[in-house]
Amino acid sequence: MADKQMSSSIKLPSEERMRMSIFVNGKKKELEIHPAARLVDILREQLHLTGTKISCGIGRCGACSVIMNGRLVNACLVRAYQANEKEIVTIEGLAEKGLHPIQQAFLEEGGFQCGYCTPGMIMAVKAILDQYPNPTSQQIVDGLSGNLCRCTGYSGIIRAVQKLAEKETSRLDSKC
Amino acid sequence: MDYEEGKGLRLKQVCIRPDGVEKVTGHLKFLTDLSFPNMLFAKILRSEYPHANIVSISTEKAEELPGVRAVITSKDVLGLNGFGLIFPDQPVLCKDKVRFVGDAVAAVAAETEEIAEAALQLIEVEYEPLPVVDDPEQAMLPSSPQLHPNGNILHQASYQSGNVEEAFQSCDCIVEETYQLPRQMHAYMETEGGVFVPEKDGTLTVYAGTQHGYKDRYQLARILNMPEEDIRVVSSPLGGSFGGKDELNIQPYGALLALKTGFPVKIHQTRRESVRSGIKRHPMKIKMKTGAKKNGKIIAHQVRIIADTGAYATLGPAVLDFAVEHATGPYMIPNIQVEGYSVFTNNGVAGEFRGFGGNQVTFALEGQIDRLAVKLGMSPLELRQKNLRQAHDPGPVGQKIAPTDGAQQVLKQISQSKLLNSCRKQDHNGLIKTGVGVAITMHGGGLGYGRLDPAGGRISLNEEGKIEIAFGFEEFGQGLLAVIEQIAIRAIGCSREDLHIVIGDTYKVPRSGSSTASRGTSMVWQAIQRMKAPFQNSLLERASQCTDVPVSQLKIGEKGVWHQDELLISYKELAKQTIDKPLIIETRFDFPATPCSIPGGHFLYSFAACAVKVEVDLATGFVRVKHLEQAVAAGPVIFPQGYLGQIEGGSVMALGYTLTEEALIEKGTYVTENFDTYLIPTIKDVPLSIDITAIEELCEEDEYGPRGVGEIGTVAVAPAIAMAIYDATGIWVNKLPVSREEIVNKMMETEMSKWLTSK
Numbered sequence: 001m002a003d004k005q006m007s008s009s010i011k012l013p014s015e016e017r018m019r020m021s022i023f024v025n026g027k028k029k030e031l032e033i034h035p036a037a038r039l040v041d042i043l044r045e046q047l048h049l050t051g052t053k054i055s056c057g058i059g060r061c062g063a064c065s066v067i068m069n070g071r072l073v074n075a076c077l078v079r080a081y082q083a084n085e086k087e088i089v090t091i092e093g094l095a096e097k098g099l100h101p102i103q104q105a106f107l108e109e110g111g112f113q114c115g116y117c118t119p120g121m122i123m124a125v126k127a128i129l130d131q132y133p134n135p136t137s138q139q140i141v142d143g144l145s146g147n148l149c150r151c152t153g154y155s156g157i158i159r160a161v162q163k164l165a166e167k168e169t170s171r172l173d174s175k176c
Numbered sequence: 001m002d003y004e005e006g007k008g009l010r011l012k013q014v015c016i017r018p019d020g021v022e023k024v025t026g027h028l029k030f031l032t033d034l035s036f037p038n039m040l041f042a043k044i045l046r047s048e049y050p051h052a053n054i055v056s057i058s059t060e061k062a063e064e065l066p067g068v069r070a071v072i073t074s075k076d077v078l079g080l081n082g083f084g085l086i087f088p089d090q091p092v093l094c095k096d097k098v099r100f101v102g103d104a105v106a107a108v109a110a111e112t113e114e115i116a117e118a119a120l121q122l123i124e125v126e127y128e129p130l131p132v133v134d135d136p137e138q139a140m141l142p143s144s145p146q147l148h149p150n151g152n153i154l155h156q157a158s159y160q161s162g163n164v165e166e167a168f169q170s171c172d173c174i175v176e177e178t179y180q181l182p183r184q185m186h187a188y189m190e191t192e193g194g195v196f197v198p199e200k201d202g203t204l205t206v207y208a209g210t211q212h213g214y215k216d217r218y219q220l221a222r223i224l225n226m227p228e229e230d231i232r233v234v235s236s237p238l239g240g241s242f243g244g245k246d247e248l249n250i251q252p253y254g255a256l257l258a259l260k261t262g263f264p265v266k267i268h269q270t271r272r273e274s275v276r277s278g279i280k281r282h283p284m285k286i287k288m289k290t291g292a293k294k295n296g297k298i299i300a301h302q303v304r305i306i307a308d309t310g311a312y313a314t315l316g317p318a319v320l321d322f323a324v325e326h327a328t329g330p331y332m333i334p335n336i337q338v339e340g341y342s343v344f345t346n347n348g349v350a351g352e353f354r355g356f357g358g359n360q361v362t363f364a365l366e367g368q369i370d371r372l373a374v375k376l377g378m379s380p381l382e383l384r385q386k387n388l389r390q391a392h393d394p395g396p397v398g399q400k401i402a403p404t405d406g407a408q409q410v411l412k413q414i415s416q417s418k419l420l421n422s423c424r425k426q427d428h429n430g431l432i433k434t435g436v437g438v439a440i441t442m443h444g445g446g447l448g449y450g451r452l453d454p455a456g457g458r459i460s461l462n463e464e465g466k467i468e469i470a471f472g473f474e475e476f477g478q479g480l481l482a483v484i485e486q487i488a489i490r491a492i493g494c495s496r497e498d499l500h501i502v503i504g505d506t507y508k509v510p511r512s513g514s515s516t517a518s519r520g521t522s523m524v525w526q527a528i529q530r531m532k533a534p535f536q537n538s539l540l541e542r543a544s545q546c547t548d549v550p551v552s553q554l555k556i557g558e559k560g561v562w563h564q565d566e567l568l569i570s571y572k573e574l575a576k577q578t579i580d581k582p583l584i585i586e587t588r589f590d591f592p593a594t595p596c597s598i599p600g601g602h603f604l605y606s607f608a609a610c611a612v613k614v615e616v617d618l619a620t621g622f623v624r625v626k627h628l629e630q631a632v633a634a635g636p637v638i639f640p641q642g643y644l645g646q647i648e649g650g651s652v653m654a655l656g657y658t659l660t661e662e663a664l665i666e667k668g669t670y671v672t673e674n675f676d677t678y679l680i681p682t683i684k685d686v687p688l689s690i691d692i693t694a695i696e697e698l699c700e701e702d703e704y705g706p707r708g709v710g711e712i713g714t715v716a717v718a719p720a721i722a723m724a725i726y727d728a729t730g731i732w733v734n735k736l737p738v739s740r741e742e743i744v745n746k747m748m749e750t751e752m753s754k755w756l757t758s759k
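Quick note, the sequences are listed as chains D and L, same order. The end of the first sequence is residue 176 by the working numbering, with every number in the run present. The end of the second sequence is residue 759 by the working numbering, with every number in the run present.
Possibly wrong hints are sitting among the right ones.
[Stated by the list, open to error] Restricting the straight-line Cα-Cα distance to at most 25 Å, the calculated cross-link-like pairs of lysine-lysine (BS3-like) are:
hint: 1; chain 1: L; residue 1: LYS29; chain 2: D; residue 2: LYS97
hint: 2; chain 1: L; residue 1: LYS412; chain 2: L; residue 2: LYS375
hint: 3; chain 1: L; residue 1: LYS12; chain 2: D; residue 2: LYS167
hint: 4; chain 1: L; residue 1: LYS555; chain 2: L; residue 2: LYS466
hint: 5; chain 1: D; residue 1: LYS29; chain 2: L; residue 2: LYS29
hint: 6; chain 1: L; residue 1: LYS29; chain 2: D; residue 2: LYS27
hint: 7; chain 1: L; residue 1: LYS626; chain 2: D; residue 2: LYS163
hint: 8; chain 1: L; residue 1: LYS684; chain 2: L; residue 2: LYS12
hint: 9; chain 1: L; residue 1: LYS433; chain 2: L; residue 2: LYS684
hint: 10; chain 1: L; residue 1: LYS12; chain 2: D; residue 2: LYS163
hint: 11; chain 1: L; residue 1: LYS294; chain 2: L; residue 2: LYS412
hint: 12; chain 1: D; residue 1: LYS97; chain 2: D; residue 2: LYS29
hint: 13; chain 1: D; residue 1: LYS163; chain 2: L; residue 2: LYS684
hint: 14; chain 1: D; residue 1: LYS97; chain 2: D; residue 2: LYS28
hint: 15; chain 1: L; residue 1: LYS555; chain 2: L; residue 2: LYS576
hint: 16; chain 1: L; residue 1: LYS97; chain 2: L; residue 2: LYS667
hint: 17; chain 1: L; residue 1: LYS684; chain 2: D; residue 2: LYS167
hint: 18; chain 1: L; residue 1: LYS287; chain 2: L; residue 2: LYS746
hint: 19; chain 1: L; residue 1: LYS29; chain 2: L; residue 2: LYS508
[Said to hold, decoys possible] Computed beta-carbon distance windows for the label pairs:
hint: 20; chain 1: D; residue 1: ARG171; chain 2: L; residue 2: ASP580; range: 53 to 59 Å
hint: 21; chain 1: D; residue 1: TYR81; chain 2: L; residue 2: GLU60; range: 32 to 38 Å
hint: 22; chain 1: D; residue 1: ARG71; chain 2: L; residue 2: GLY557; range: 49 to 55 Å
These aren't lab readings, by the way, just hints derived from the structure by calculation. Given the structure is predicted, the values throughout are model-derived calculations rather than measurements. We treat Cβ as the ideally placed atom computed from N, Cα and C, and that holds for glycine.
Whole structure, please, built from the sequences with the hints as guidance.
In structure tokens:
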């Protein structure tokens with residue numbers, strides 16, 4: 001009896017599975033998976049895309065930021081059933097043809113140190129620039145306020161994004 | 001000397017670090033990203049109580065859970081059931097007593113992480129809770145429960161010079177204050193973790209981040225009862241450390257479970273597990289009494305430090321020694337009395353953290369200087385100048401140190417800051433006040449007198465024809481790989497493509513000591529200076545033998561050895577032709593320490609001065625740092641982006657320490673368990689401009705080259721912000737993080753009394 005009570009309060013892993021398909025970096029993937037599996041685990045463990053990191057696990061740090069159907073999400077808060085049939089872009093999807101300009105700017109301006117927040121941070125910058133090609137300082141800090149970096153103090157990240165914005169401005173100017 | 005004497009303002013140079021592309025593309029495999037065939041997952045059961053006796057542990061039910069492969073408790077520890085960098089007083093797995101909520105009681109390896117987690121819940125541990133010792137001052141009383149056989153005082157340190165009591169008699173102005181510093185969390189983005197692989201030949205490979213691979217190997221060998229040579233520690237790269245991964249963390253559990261099951265075992269702690277088990281910065285209570293003459297000459301300084309070191313030693317004694325040594329900072333004071341105690345409690349474990357006790361005492365010391373200045377009616381900068389050390393003065397505990405004019409250099413540089421003369425803006429309703437503050441500091445590098453602090457490195461021409469540079473250092477973001485690359489290119493004369501840099505793997509690297517204490521850059525530079533001539537000479541002799549061109553006509557360059565502007569023989573060819581007699585140069589030496597017998601006494605110091613401008617919202621108590629400047633004197637800059645990044649990142653980490661960060665513990669249990677309540681600065685909390693000036697000039701006779709800057713940027717920020725808050729509001733901050741509530745309350749008191757008196 002005591003045993004029964006004991007085990008009824010224990011959370012055992014459930015065997016339930018769902019079929020899902022997901023488009024990751026342009027490729028369709030079919031998976032059998034627990035419906036509440038976290039997107040971050042699907043990416044890292046099922047698809048071996050370890051560029052997306054896990055740090056706080058509660059949506060506060062942004063290390064697992066990916067773009068889902070055009071919007072930045074924390075992959076630790078998205079469950080399998082929510083990601084079903086969705087298009088996901090991860091850091092691995094950014095540099096398929098040479099370095100993306102954001103990555104180049106991060107390299108040149110010291111937008112990273114240990115590199116652990118970097119994939120998420122770069123995806124967040126991409127989300128900003130997709131929405132505002134020439135962002136204001138306010139748009140930059142608003143857009144990156146969900147991504148924590150413990151190494152850089154954000155200075156190099158700010159320089160990198162400003163550099164990208166300046167390039168965009170001069171590109172537009174030269175077009176006129 | 002191989003560095004170019006710069007004029008300071010060349011920190012914006014673009015230079016791509018060797019690990020950069022892998023990091024920005026997400027291709028870099030951190031050790032917690034690794035997986036192996038048939039890998040198991042482990043979880044660690046931590047104590048339910050901050051202080052308790054263990055009556056019994058039953059693991060049977062957990063072992064019966066399908067998918068569980070092994071459960072370990074104290075009886076499964078093969079060798080010494082203890083770890084700790086100074087002495088191994090922390091049990092790997094507790095047998096009869098727990099002393100903090102992070103104490104490990106059991107661990108499980110299972111086929112999935114979920115099963116391992118479930119199995120933890122099936123382990124039955126019966127505890128007998130004991131009274132919680134949560135106040136270090138209470139812990140010092142004989143009536144307190146004793147946490148260790150030798151009592152609750154882990155370490156005591158002191159320094160005395162002159163006679164403070166007599167000197168106070170003749171002071172015109174005395175300031176006495178008690179400062180309280182919080183428990184800061186390192187908050188590296190990658191929590192502790194890695195994979196432990198039992199190899200076919202009976203050896204064990206450990207893939208887990210640390211700041212000193214060889215030290216982990218030594219500690220693990222004791223725990224596993226295995227020869228050190230049978231353990232390979234692969235320890236880089238790390239997703240941040242800041243001192244926090246210097247001590248062992250998850251390694252013993254992964255290693256024991258891997259050996260027991262015979263399969264690779266992965267552990268990656270969740271953030272909550274990391275907060276609960278990980279070390280933190282020492283909370284300190286520091287009482288200072290400082291007296292000066294009317295003319296501003298400080299003649300007496302009395303300090304009492306009580307550090308809450310938590311449940312186990314780790315580097316607690318060394319942190320206290322450092323705090324005692326730096327309690328007078330860069331000031332020449334004739335009468336000094338410093339005493340410090342590091343005290344055991346059930347409040348987590350405090351240990352090594354960027355700044356290493358310097359942050360706490362500098363906050364107090366600079367607070368004293370500012371309070372004295374105000375009381376004396378003197379400018380804080382002038383008071384500092386009057387008492388500041390000169391190039392050939394002894395160190396802060398009277399010891400012989402390498403001559404350095406750093407203190408004068410940084411103070412002079414920061415005095416020119418535009419921030420200090422900027423106008424005081426006030427908003428129209430007067431609720432936002434602006435203030436400025438300055439603080440300075442000096443910081444010792446290396447482990448100090450009386451401590452084994454060996455360094456070393458190796459240069460070789462490897463079989464592939466690469467110039468291989470190997471160091472037993474770790475890369476946790478600071479840019480060590482770039483530092484090695486830059487120093488090697490300049491010293492040897494080859495190009496970056498000719499180099500192969502090897503770090504962080506005990507099977508491949510020589511002993512270089514720890515990647516701590518701002519020693520990495522310093523030791524890489526010194527090692528390469530020692531090795532470069534023998535390496536170059538030997539390389540040229542070999543090239544001469546292979547080509548019959550005399551050495552005097554040969555030059556080391558890109559791709560190989562050159563003769564009259566032509567590539568004569570490539571490194572690859574040279575390696576091929578001399579494969580029977582490989583070219584390997586090694587060096588071993590010690591980090592320079594003071595010759596004076598002061599435990600932990602330093603010899604090489606770096607300096608920083610910080611100026612900030614803050615806005616204080618009187619209605620909400622919110623403090624915003626608008627601008628921040630730092631001047632740093634740490635010798636020549638090797639890798640500008642890394643140097644800048646260390647000071648910028650250090651500044652912001654210190655900004656968090658000052659304004660928001662505190663790992664709160666109530667009755668021995670963490671209240672702040674993740675980044676929802678433990679608040680590190682976001683991009684919205686930082687000044688958009690941080691200006692860093694590097695002062696590169698060393699004293700003429702200095703032969704020690706560049707000093708590390710990993711820590712120095714974190715030290716002077718907190719007292720500068722505190723002074724700026726006083727400047728803005730008239731409120732002295734003596735406790736961190738700054739309490740918004742206290743600012744609001746004090747302003748209300750002031751306004752109320754103004755209103756009452758005006759009536």
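> Which numbered hints turn out to be false for this structure?
Replying inline: No numbers; nothing is violated.
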